[in-house]
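Novice: Residue 299 in the numbering used here is what sits at position 39 of the sequence shown, and the numbering runs on without skipping anything.
Rather than coming from a laboratory, the hints here were simulated on the basis of the structure. Just so you know, not all the hints are guaranteed correct.
[Stated by the list, open to error] Calculated lysine-lysine pairs in the DSS-like style (CA-CA distance at most 30 Å, straight line): (1) 324 to 277; (2) 333 to 315; (3) 344 to 362; (4) 346 to 333; (5) 277 to 331; (6) 277 to 315; (7) 346 to 362; (8) 377 to 362; (9) 377 to 391; (10) 377 to 365; (11) 313 to 331; (12) 277 to 322; (13) 344 to 331; (14) 377 to 351; (15) 362 to 373; (16) 333 to 344; (17) 380 to 391; (18) 333 to 277; (19) 331 to 315; (20) 351 to 365; (21) 331 to 346; (22) 373 to 344; (23) 324 to 313; (24) 313 to 277; (25) 387 to 377; (26) 373 to 387; (27) 346 to 329; (28) 329 to 344.
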Amino acid sequence: MNYRKLLNDHLDRNTDKTPVLVALLAGLAVGAALGVLFAPGSGSETRDLIADKSKDLTDSAKEKLSSYKEKIKNSADHLADTAKDKFQGYKERAQDAAEDLKDAKDNAVDHAKSAAKDLKNDASDAKDAVKNA
Numbered sequence: 261m262n263y264r265k266l267l268n269d270h271l272d273r274n275t276d277k278t279p280v281l282v283a284l285l286a287g288l289a290v291g292a293a294l295g296v297l298f299a300p301g302s303g304s305e306t307r308d309l310i311a312d313k314s315k316d317l318t319d320s321a322k323e324k325l326s327s328y329k330e331k332i333k334n335s336a337d338h339l340a341d342t343a344k345d346k347f348q349g350y351k352e353r354a355q356d357a358a359e360d361l362k363d364a365k366d367n368a369v370d371h372a373k374s375a376a377k378d379l380k381n382d383a384s385d386a387k388d389a390v391k392n393a
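Go ahead and model the full structure; you've got the sequences and the hints to work with.
Specialist: Set out below in structure tokens:
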């Protein structure tokens with residue numbers, strides 16, 4: 261089995277970098293905690309340092325989450341605006357088509373009335389010609 265091709269195909273399809281970012285943050289957190297635990301210092305200093313790092317990581321994660329929420333909201337708003345614009349365009353086309361059909365109907369009725377009037381006049385002329393003959 262060609263693992264390199266399989267891996268490349270998978271990487272080409274997978275464009276979501278969120279798992280990579282989560283793994284990176286988790287690795288940083290573990291590395292920072294291990295670094296603090298093995299660093300020389302008193303227990304209270306180490307606990308305070310771990311608490312500070314944890315708070316920093318929590319704040320960073322909250323900021324990233326907020327950023328992703330904002331991006332998703334903006335994308336949803338853009339999608340909604342695009343859908344509204346398309347709907348409005350289709351609505352206007354439908355109204356224009358309805359008006360065109362109404363105009364065509366009016367023209368057909370006018371043409372039929374004119375043809376009927378012409379036939380009536382022709383019949384009247386033929387009747388008068390028969391009377392005079």
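Novice: All hints are to be evaluated individually against the structure, with a verdict given for each.
Specialist: Going through the hints against the structure:
Taken as a hint, the residue 324 and residue 277 pair is honoured in the structure, with Cα atoms around 13 Å apart against an allowance of 30 Å. Taking the CA atoms of residue 333 and residue 315, the gap is near 27 Å; set against the 30 Å cutoff, the hint holds. Taken as a hint, the residue 344 and residue 362 pair is honoured in the structure, with Cα atoms around 27 Å apart against an allowance of 30 Å. Note on residue 346 and residue 333: the hinted pairing holds, with a Cα-Cα distance of about 20 Å set against a maximum of 30 Å.
Note on residue 277 and residue 331: the hinted pairing holds, with a Cα-Cα distance of about 14 Å set against a maximum of 30 Å. For the given pair, residue 277 sits about 24 Å from residue 315 by alpha-carbon distance, which is consistent with the 30 Å threshold. Among the hinted pairs, residue 346 with residue 362 is consistent with the structure: their alpha-carbon atoms are about 24 Å apart, no more than 30 Å. Only pairs whose Cα atoms come within 30 Å are accepted, and residue 377 paired with residue 362 is accepted, the gap being roughly 22 Å.
Taking the CA atoms of residue 377 and residue 391, the gap is near 21 Å; set against the 30 Å cutoff, the hint holds. Restraint check for residue 377 and residue 365: satisfied, since their Cα atoms lie roughly 18 Å apart, inside the 30 Å limit. With a C-alpha separation of about 27 Å, the suggested pairing of residue 313 with residue 331 holds against the 30 Å cut-off. With a C-alpha separation of about 17 Å, the suggested pairing of residue 277 with residue 322 holds against the 30 Å cut-off.
For a cut-off of 30 Å, the pair hint linking residue 344 to residue 331 stands: about 20 Å separates their Cα positions. A C-alpha spacing of about 39 Å is found between residue 377 and residue 351, which places the hinted pair above 30 Å, so the restraint is violated. Distance restraint check for residue 362 and residue 373: the Cα-Cα separation of roughly 16 Å lies within the 30 Å cut-off, and the hinted pair is therefore satisfied. Proposed proximity of residue 333 and residue 344 is supported: the alpha carbons are some 16 Å apart, at most 30 Å.
With a CA separation close to 16 Å, the supplied pair residue 380 and residue 391 stays within the 30 Å bound. For a cut-off of 30 Å, the pair hint linking residue 333 to residue 277 stands: about 19 Å separates their Cα positions. Simply put, residue 331 and residue 315 have alpha-carbon atoms about 24 Å apart, close enough for the 30 Å limit, and the pair holds. Among the hinted pairs, residue 351 with residue 365 is consistent with the structure: their alpha-carbon atoms are about 21 Å apart, no more than 30 Å.
With a C-alpha separation of about 22 Å, the suggested pairing of residue 331 with residue 346 holds against the 30 Å cut-off. Distance hint between residue 373 and residue 344 is unfulfilled; the C-alpha atoms sit about 43 Å from each other, more than 30 Å. The straight-line distance between the Cα atoms of residue 324 and residue 313 is roughly 16 Å, inside the 30 Å bound, and the hint therefore holds. Proximity of residue 313 to residue 277 is assessed by CA-CA distance (about 24 Å); at most 30 Å being required, the pair is judged to hold.
A threshold of 30 Å between alpha carbons decides the hint, and for residue 387 with residue 377 the separation of about 15 Å falls inside it, so the pair holds. At most 30 Å may separate the alpha-carbon atoms for a hinted pair to count; residue 373 and residue 387 meet this at roughly 21 Å. With a C-alpha separation of about 26 Å, the suggested pair residue 346 and residue 329 falls inside the 30 Å cut-off, and the hint holds. Taking the CA atoms of residue 329 and residue 344, the gap is near 22 Å; set against the 30 Å cutoff, the hint holds.
Hint compliance for this structure: hints 14 and 22 are broken, all remaining hints hold.
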